[in-house]
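S.K.: Chain residues, written in single-letter form:
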Amino acid sequence: MKLQQKLVLLTTLSKGLMAAVLLLILPWLVQTLVLRHTDEALRTELRQVQTRIEQVGIFEFLPQNQTQRRTHYDLLQDEFIDLQAVTAKMPPDTIGTFPRQRQGSEVDFRVLRHTATYQGLRYIIEIGKSIESVQEVYELLRNLAVYALVFAVLTTLLLELGVIGYLLRPFDHIVERLRAVQGPTPLAAPPLRTSTSDFQYLDASIQQMLLKIQSVFEQERQFIATASHELLTPISLLQNRFENMLRAENLPEEAETQLVTSQKTLQRMTVTLRTLLLISRVENNQFARTERVAVRGVVTEVAEELEDRINDSALTIRWSLSGEPTLAPANRSLIFTLFFNLLSNAIKYNQYGGQIELTGQPTPDGGYRLRISNTGKPIPAEHLPFVFDRFRRFDEDAAEGYGLGLAAVRSIAQLHHIPIQVKSDLQHGTEFSMHLPPAA
Amino acid sequence: MNVLIIEDDRALARELGLFLYNEHYHCDFARTGREASEKLFVNEYDFVLLDLGLPDQDGLQLLAQARQERNQKASIIILSARGSVDDRINGLNLGADDYLPKPYSLLELGSRMQAVTRRKHGVVLDKLGFGEFTLNLGDRTLRYGDTALEVTRKEFEILHYLLLHRGKVLTRLQLSEHIWGNNINDSADHDSNYINVHVKNLRKKLTQQDPVTDWVETVRGIGYRLRLEDEPAPTT
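Top to bottom, those sequences are chains A and B. Its first residue numbered 1, the first sequence is counted upward by one per residue in this note's numbering. Its first residue numbered 1, the second sequence is counted upward by one per residue in this note's numbering.
The shape of chain B in the complex, shown without the other chains (with noise of 0.2 Å):
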């Protein structure tokens, strides 16, 4: 999938760049508003990561130029610092298909990024599995076999997203970042460590129904990951 990274920040454009890539994604650059343009005029994109501030150009003004005259079928993502209160507003009436304010985990773009396209093509993602359980995700509900769990919201955002990246540790970060959104107006402190909280509380719920595996596991103080399902149990 083509991506088209606008941003004037060099540096912040290459790591973008770097995890798009190792997410398998092809990137173009732009740092520009122009240099935007003209790239958008000739080739075509699955994805346009756009910054608001750019140097030459309001961010806003490209994507609506992009959305009326150029008719892109690229979903656009805003990725912005800029943190103004009407941005998230104005840029989604403008045609957005989603808003990250600086800063944002990486891989909560990514995922987004993966939401925005199964949105796109219509898929339907209703239910995920994991040994005996199921998370069924359009009544948010836990399942073991026929047992209905109760997790509260958090625990089930946490697992869903450990399930999304199934296999990878997930910092605590990333994790609270994805569960406490990232809302600009919201200047609450959650916590990271909070985190630990709700994982100790899931787990718990996970064991109390499957004694046998140790489904979320803990990464040296880095954060959790999910087991895969044909994974060997750790020796230790």
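With the rest of the complex left out, here is chain A (with noise of 0.2 Å):
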């Protein structure tokens, strides 16, 4: 999961969750709230009738034929203020929610008890207000607060959104340079325009890292170089001094046999040094794969080059390759050498009279599966893990081989994102297969 959906996830869950435990708690709150209201509004009241009592006196106050009690309902009977005088000793003042006769019904009502001694009478004051109509506001305050819960949510969510977006673009910006890279080549993007330090951090970090790797590429470059000229140069002298010596009029037999003997041992040299060069400017990323490369068309080329060798062992190929598999970008040359190495294996541990077979078809995933498999003895089992490896060859009966043709395949697929491996038995021969993947 990305680490934005992760974190929208989070903001959401906790989001949730709050919401959840307002809304639970919500009404008791606005309950409380507004129970709490309605008693001070009973208080003033209370303080209001007081003051009046205090003004006009109580016994202006009650009623002239009664002179126990006075009740005063409003018009519609929600509130209500009551004054009776009490022998009895009464607690002080309370205030509590009770059932109270209006209109034949039976209604609950808020009520705020007051005892006050007016006159050397003891009197209690009642003031109340039906639950009704304080449930009214109860309910109005109790849905404004879940709009405005929802509200809230909905909007700091939006919001969250915006902002996880914004903060983690720049996280997006390094990996889409990240992939951009092909090589060690220097990365000429501007510095990553970001607030945060950590990501500062990483892309500084990340620009350290490509600059260290490039200058050890630009090392090897030079070494490669340096090692080829100054190996290639007395070879090439050997080499001249041969063909000379060669040319010599009057030289003796044996003189000439050994000379043809040295130039092969310094042409076998030439050949294992060039493929050890090969090997590192492919691994140093000096070859450049800008071509489209019709593989049928390289391997075609491969096997008429090598067609002398197959006839002179009586080799057969038998070509099943569907579709028209196609490497790009690739480098040709590169892919050329890849097939003639395995296609010259395929032959040189081949026996006589043996086959060799050229399968492919198309994959699902757009790519093509190759296989090269040939008739010849198999490979151990033991060896199997290491034919790629530089100089390892273990059959020393085997024609002359250099323990590099393996090595310099397994470069070049590399090179060209080609998965490549190996499977030898007694039945089956051996068999290279690859996975060619689709071009781009």
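These aren't lab readings, by the way, just hints derived from the structure by calculation. Using N, Cα and C, we set each Cβ at its ideal position, and we do this for glycine too. Keep in mind that the hints are not guaranteed to be accurate.
[Unchecked claim] A few chain B residues that face chain A, going by a derived Cβ cut-off under 7 Å, partial list only:
| hint | residue |
| --- | --- |
| 1 | LEU12 |
| 2 | GLU15 |
| 3 | LEU18 |
| 4 | ALA81 |
| 5 | LYS102 |
| 6 | PRO103 |
| 7 | LEU106 |
| 8 | LEU173 |
| 9 | THR218 |
| 10 | ILE222 |
| 11 | GLU229 |
[As the list claims (entries may be wrong)] Ranges between beta-carbon positions, derived for each pair:
| hint | chain 1 | residue 1 | chain 2 | residue 2 | range |
| --- | --- | --- | --- | --- | --- |
| 12 | B | THR141 | A | ARG179 | 50 to 58 Å |
| 13 | B | THR218 | A | THR290 | 39 to 47 Å |
| 14 | A | THR290 | B | GLY145 | 46 to 54 Å |
Two chains, two separate frames, one set of hints: put the complex together.
M.R.: Okay, structure coming up:
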């Protein structure tokens, strides 16, 4: 899961949780608030009533005919004020919800009960408000709170989505840049535009790493060039000298033979050195991959090139390539070398009159599966993991080989992102199979 | 013909000079880019053999200068041990006539120089003959009288090379360097032993037509040579 998605999920979950908790405690909270507000209103009214009694006197306040009690309802009987003389000793001020008769039915009222003494007589003043009227305010407040809550959750969520996206954008930029890197070439990109120091740090670290890699590659390139020059020049000298010596008149036969043998040794050395240099150059990324290579054409060309050796060992090649495999981007001459080495191996390690099979078919991912198999002596299982290693050749009796051909194959395959496997057994001989990636 | 050998390795330059002297070229030597520039400025050469790894200057730079500023008419052949991937392309783009990576066979160099000379003078070699055989270079065919022979590309090239150096012994190595080229990217082990196979097949085809003369002669495990026209058949 992407970091952005995770963050969004996290904030959504936390907000959801918060909203759920709020929604749960909201009724209680609002109820408490509304009641407290009502109580406050009742107290205010009580003070007004008290003020009034003090102004006009308790007897003026009570009705003429009945001096013990006065009850006053408002028009809709939502509120009442009740003044009553009592004789018993009463508890001090209380406030609570009590049922009370109103127009024949019992209704809950919020009631403030106050005890007071006027002119030596004890009175109870009750001021009440019907819960129903309070309920309306309560519902209004509750709805408002829910709306506000939903609104707040949604807007902060949207805001966070945007901000998270914005904050994480440098990350995408860095990844984009890294993916664009094809080789150890310097990044020409300007410094990353972000105020997040973590990303700046990451970017700087990557740049530093790339610079380091680049300098190592550059050193290796230099080394290869120098080694190439320093090693090939003396070989060149020897080869030319042998050639000149062979041209001399009246050279004893023995000397001639020795010179030819030396020439051969020198040539082996040259081939080995060239292959090593080729592998180094491939691994040093000195080959541009800019071509579209039709694999069938290359393999055909290689087979033609090797036709004489194939005929010499009386081998038959069985072709069954379906489709038109294409490698792109690729380096044609490297691909040629790859198939040349594989095919010449298939010839070299084959038996007289044997077979070489070339099969291939497209794979569902748009790539291509190519197999080159031969009917030669199988490679022992314990050697299989190492056949692509430099200077490994196990069969000492086999025809001349320098143990580097397959190493070059692997390097070239790696450069072209071609996975290559080998399997070998007595029944099927040796098979190299490659998965060519879909052409770009 | 005058040749300027620009090579910082003295011994290598000497071998090259020795070979060219025997091929009747007149050789001049330069060991540094500066020396080479001076000589190119003063003298006129038919050939410049240029090593790219000079101690004081990049050979390609020298090549560019020689081609642009001095308008040298000399044919330039690059001989390089650097073997960088781009050197060949750059060299040819900068106006070199040919490119041989080290180590090269001297015979191959000689043949390339001859080819460059022919090209320069507009000489087209279209047919070469020996006995009743005709090698047609245009359509790359071999005929015996009126009969066309089927030869592979390699067989044709071997015969062509033997014919160009007729009478001389060519080693297997020289032949393999010629037909398998000297591609720097090419690491394939072109075993010079495979030359035997080609020559064997070629010889079979030739004797089928002309059973009397053994045209391609094997020389004591060294190599092969194409018999001269008026040569007496070997006694053995």
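S.K.: Among the hints numbered above, which are violated by the structure, and what are their numbers in rising order?
M.R.: 9 and 11
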